Amino acid sequence: DAKTTQPTSMDCAEGRAANLPCNHSTISGNEYVYWYRQIHSQGPQYIIHGLKNNETNEMASLIITEDRKSSTLILPHATLRDTAVYYCIVRVVTSGTYKYIFGTGTRLKVLA
Amino acid sequence: SQTIHQWPATLVQPVGSPLSLECTVEGTSNPNLYWYRQAAGRGLQLLFYSVGIGQISSEVPQNLSASRPQDRQFILSSKKLLLSDSGFYLCAWNHNNSPLHFGNGTRLTVT
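Residue numbers (the numbering used here), protein chains in the order written: chain A, 1 to 112; chain B, 1 to 111.
Mixed in with the good hints, there may be bad ones.
Stated by the list, open to error - Pair by pair, the computed Cβ-Cβ distance ranges are:
1. A:Lys109 to B:Gln73: 37 to 47 Å
2. A:Met59 to B:Trp7: 22 to 32 Å
3. B:Glu26 to A:Asn53: 31 to 41 Å
4. B:Leu82 to A:Asn57: 24 to 34 Å
5. B:Gln73 to A:Asn53: 21 to 31 Å
6. B:Glu59 to A:Asn57: 26 to 36 Å
7. A:Met59 to B:Glu26: 19 to 29 Å
8. A:Ala13 to B:Gln55: 40 to 50 Å
9. A:Asp67 to B:Gly16: 22 to 32 Å
10. B:Gln62 to A:Thr94: 14 to 24 Å
11. A:Asn53 to B:Gln62: 31 to 41 Å
12. A:Gln42 to B:Gly16: 22 to 32 Å
13. A:Leu51 to B:Glu59: 34 to 44 Å
Calculated from the structure, these hints are not laboratory results. Since we're looking at a predicted model, the values are computed, not measured. The beta-carbon is built from N, C-alpha and C at its ideal position, and this holds for glycine as well.
Using the sequences and the hints, build the whole thing.
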């Protein structure tokens with residue numbers, strides 16, 4: 001079972017920041033939060049990940065709350081090409097192996 | 001650089017027929033390999049993962065099986081397909097502590 005919950009869908013105006021929330025209230029201390037996105041009929045694309053600290057890369061920023069029970073992915077200036085399904089994932093360690101359990105994600109629609 | 005290949009891209013098979021989907025990774029060695037399935041309008045479901053040759057872990061009971069005959073080859077199979085096996089099948093790889101990298105998937109329609 002997925003360890004994350006996300007809103008089913010969101011809209012964002014082109015050029016504005018898109019803030020995608022995720023709840024992971026049962027996360028354990030050594031479990032990372034990962035974000036992926038999937039454009040229709042393609043494989044998911046890695047965006048960013050983090051453990052405790054906020055992270056930023058060329059695609060997005062990840063804000064993790066101090067208690068680590070939730071996080072927010074920020075796309076600073078959304079474009080039409082950012083329309084996709086965004087998955088928030090907790091990476092679980094099982095028998096020494098990392099497993100990535102996907103939920104149903106948030107369908108982000110960027111509006112012109 | 002590392003690349004992951006899946007084939008075929010699309011497949012239409014009759015109920016009761018066998019299935020073989022192949023995934024290969026290039027440019028790396030000893031990867032962790034994963035098979036996911038995505039039903040229409042749904043999220044990704046982890047089916048199998050492998051940490052080495054001949055080592056397969058199954059996540060859910062189903063009509064499918066997986067094998068890893070070589071270090072960088074991961075095969076998803078079925079002896080007799082069911083209608084419910086239709087979906088988008090994705091292969092992925094990583095090394096521990098690195099993100100998953102996905103292939104472009106195989107869209108399977110069982111008729």
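Consistency of the hints with the structure:
1. A:Lys109 to B:Gln73: 37 to 47 Å: 38 Å, holds
2. A:Met59 to B:Trp7: 22 to 32 Å: 28 Å, holds
3. B:Glu26 to A:Asn53: 31 to 41 Å: Holds: the Cβ-Cβ distance is about 34 Å, inside 31 to 41 Å.
4. B:Leu82 to A:Asn57: 24 to 34 Å: Once the Cβ atoms are compared, 42 Å apart, the range 24 to 34 Å for Asn57 of chain A and Leu82 of chain B is violated.
5. B:Gln73 to A:Asn53: 21 to 31 Å: 38 Å, violated
6. B:Glu59 to A:Asn57: 26 to 36 Å: At 30 Å between Cβs, range holds.
7. A:Met59 to B:Glu26: 19 to 29 Å: For Met59 of chain A and Glu26 of chain B the Cβ distance comes to about 24 Å; the hint holds.
8. A:Ala13 to B:Gln55: 40 to 50 Å: 48 Å, holds
9. A:Asp67 to B:Gly16: 22 to 32 Å: Check failed, 52 Å falls outside 22 to 32 Å.
10. B:Gln62 to A:Thr94: 14 to 24 Å: For Thr94 of chain A against Gln62 of chain B, whose Cβ atoms are near 19 Å apart, the range 14 to 24 Å holds.
11. A:Asn53 to B:Gln62: 31 to 41 Å: About 39 Å separates the Cβ atoms of Asn53 of chain A and Gln62 of chain B, which means 31 to 41 Å holds.
12. A:Gln42 to B:Gly16: 22 to 32 Å: 30 Å, holds
13. A:Leu51 to B:Glu59: 34 to 44 Å: The hinted range 34 to 44 Å is violated for Leu51 of chain A and Glu59 of chain B, with Cβ atoms some 24 Å apart.
Of the hints listed earlier, those the structure fails to meet are numbers 4, 5, 9 and 13, in rising order.
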